[in-house]
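Trainee: Those protein sequences? They're chains A and B, same order as listed.
In the numbering used here, each number is its position in the first sequence, counted from 1, plus 160.
In the numbering used here, each number is its position in the second sequence, counted from 1, plus 160.
Rather than coming from a laboratory, the hints here were simulated on the basis of the structure.
We put the beta carbon where it would ideally sit given N, CA and C, even for glycine.
Take the hints with a grain of salt, since some may be wrong.
Unchecked claim - Label-pair restraints from in silico Cβ distances:
no., chain 1, residue 1, chain 2, residue 2, range
1, A, Ser222, B, Glu310, 55 to 65 angstroms
2, A, Gly352, B, Val326, 49 to 59 angstroms
3, B, Asn193, A, Lys337, 55 to 65 angstroms
4, B, Ala182, A, Pro226, 23 to 33 angstroms
5, B, Asp183, A, Pro379, 53 to 63 angstroms
6, B, His318, A, Val218, 29 to 39 angstroms
Stated by the list, open to error - DSSO-like mimics (lysine-lysine), calculated; alpha carbons at most 30 angstroms apart, straight line:
no., chain 1, residue 1, chain 2, residue 2
7, B, Lys344, B, Lys162
8, A, Lys336, A, Lys162
9, B, Lys162, A, Lys229
10, B, Lys229, A, Lys162
11, B, Lys337, B, Lys181
12, A, Lys181, B, Lys229
13, A, Lys377, A, Lys337
14, B, Lys377, A, Lys229
15, B, Lys181, B, Lys229
16, B, Lys162, B, Lys337
17, B, Lys162, B, Lys181
18, B, Lys336, B, Lys377
Unchecked claim - Not everything, but these chain B residues come out facing chain A in the computed CB check (under 7 angstroms):
no., residue
19, Leu199
20, Ser264
21, Leu324
22, Val326
Number of protein chains: 2
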Amino acid sequence: MKAIAIVSGGMDSITLAYRLKADGYDLHMITFNYGQRHLKEIESAQYFAEVLGAQHDVIDISNIQPLLKGSALTDASVEVPHGHYAEDTMKQTVVPNRNAIMISMAWGVAVAEEADVVALAVHSGDHHIYPDCRPAFIDSMNAALRIGMEGHRTDGLHIYAPYLNVDKGAIAADGKKLGVPYEKTWTCYEGGEIHCGQCGACVERQEAFFLAGVDDKTPYRVPQVFGEGA
Amino acid sequence: MKAIAIVSGGMDSITLAYRLKADGYDLHMITFNYGQRHLKEIESAQYFAEVLGAQHDVIDISNIQPLLKGSALTDASVEVPHGHYAEDTMKQTVVPNRNAIMISMAWGVAVAEEADVVALAVHSGDHHIYPDCRPAFIDSMNAALRIGMEGHRTDGLHIYAPYLNVDKGAIAADGKKLGVPYEKTWTCYEGGEIHCGQCGACVERQEAFFLAGVDDKTPYRVPQVFGEGA
Numbered sequence: 161m162k163a164i165a166i167v168s169g170g171m172d173s174i175t176l177a178y179r180l181k182a183d184g185y186d187l188h189m190i191t192f193n194y195g196q197r198h199l200k201e202i203e204s205a206q207y208f209a210e211v212l213g214a215q216h217d218v219i220d221i222s223n224i225q226p227l228l229k230g231s232a233l234t235d236a237s238v239e240v241p242h243g244h245y246a247e248d249t250m251k252q253t254v255v256p257n258r259n260a261i262m263i264s265m266a267w268g269v270a271v272a273e274e275a276d277v278v279a280l281a282v283h284s285g286d287h288h289i290y291p292d293c294r295p296a297f298i299d300s301m302n303a304a305l306r307i308g309m310e311g312h313r314t315d316g317l318h319i320y321a322p323y324l325n326v327d328k329g330a331i332a333a334d335g336k337k338l339g340v341p342y343e344k345t346w347t348c349y350e351g352g353e354i355h356c357g358q359c360g361a362c363v364e365r366q367e368a369f370f371l372a373g374v375d376d377k378t379p380y381r382v383p384q385v386f387g388e389g390a
Numbered sequence: 161m162k163a164i165a166i167v168s169g170g171m172d173s174i175t176l177a178y179r180l181k182a183d184g185y186d187l188h189m190i191t192f193n194y195g196q197r198h199l200k201e202i203e204s205a206q207y208f209a210e211v212l213g214a215q216h217d218v219i220d221i222s223n224i225q226p227l228l229k230g231s232a233l234t235d236a237s238v239e240v241p242h243g244h245y246a247e248d249t250m251k252q253t254v255v256p257n258r259n260a261i262m263i264s265m266a267w268g269v270a271v272a273e274e275a276d277v278v279a280l281a282v283h284s285g286d287h288h289i290y291p292d293c294r295p296a297f298i299d300s301m302n303a304a305l306r307i308g309m310e311g312h313r314t315d316g317l318h319i320y321a322p323y324l325n326v327d328k329g330a331i332a333a334d335g336k337k338l339g340v341p342y343e344k345t346w347t348c349y350e351g352g353e354i355h356c357g358q359c360g361a362c363v364e365r366q367e368a369f370f371l372a373g374v375d376d377k378t379p380y381r382v383p384q385v386f387g388e389g390a
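Let's have the full structure, built from the sequences with the hints guiding it.
Mentor: Structure representation (structure tokens):
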């Protein structure tokens, strides 16, 4: 069994990589450089590819960045919003059609390598803001791509999104079981020397570790406190 | 009305660009450099963008090329097959999932620019060999991408493929009406100084011009003869 996994280097996709490896997949990790303002996530992905003994390729699509205007993740003129993802300001972190772009490329690689699945770590916590993380999108994209290879591949190549209907806490719980060293993953949108602790991604990360009972060794500039201490 | 058009620089996509312009679209042409073995098509697209007064961007995704092994269009170790597209050897010219990749990127641009359509020049002559040129694929891809932007764009952005159900002869006939100077377009897979006249793309091109009664001023190294002279 072979998996082409879309791995940003964040906690979700690294947990996915560990899960695929544990489930016996021959693992090929693909990281997209789409013009993120920092490369910490990519370095994290590289680190874990070595740890897991997986093939790893970084696909540079950053020259589409000027054409995908308006997202805080790629446009240096837009301020990164602080706070929880569920807030409306987090809509600014939407890169138009990012998942379709990444899935389409990974699918092409999967066809070429006769892989069995294209795997990605979308989860239910993103459903509210990101329509391209919802089951309806993943299902219809899977159907379209299967139609697009009719007559060339007649086997079961499909999109595999094991966390599609669970939240980030459940991902952290799975990673805890798998022994993922989360302090080596990178989540922060701001790309400083250590995690800022305050951006939407950092807040969600710490919340997920709290919910899953993960002993989080990550240093944060301004850590969030959940539960009784909050 | 604004169109994001996927334009390779070949006769089909240049005819599409003229059609969109004639139909009143504000035109943004996007050409993908996916590691083709020659750049003649891209130069053709640049030329016509100037002629039509259209914005034009070349998106370089060539570093995915080593990952899409096995296609004669991108892999220098595979010989370009001669003969008619309908032959089985032409399957070698399939770049895995090319249309999904290009459509997904163009769709992202369309969302960012609030365009009305993502246009491409797929036609019925490609249905036999290329599943990602068939109506079933275009329709399902359109559905998936519309689901992927739910809540962000609620208008009618859709894939526009005006030649989806007609053949290359009909495209040439439309181009004749529109006054496309076809000798400035580039079709040949081999990328020499002039069209080779013999590769699958050159044969189909000349056949289309013959069927549409286009006075073809393109120089060919070995021209094909159709009709009474054949």
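Trainee: Can you name, in rising order, the numbers of the hints this structure does not satisfy?
Mentor: 1, 3, 14, 15, 19, 21 and 22
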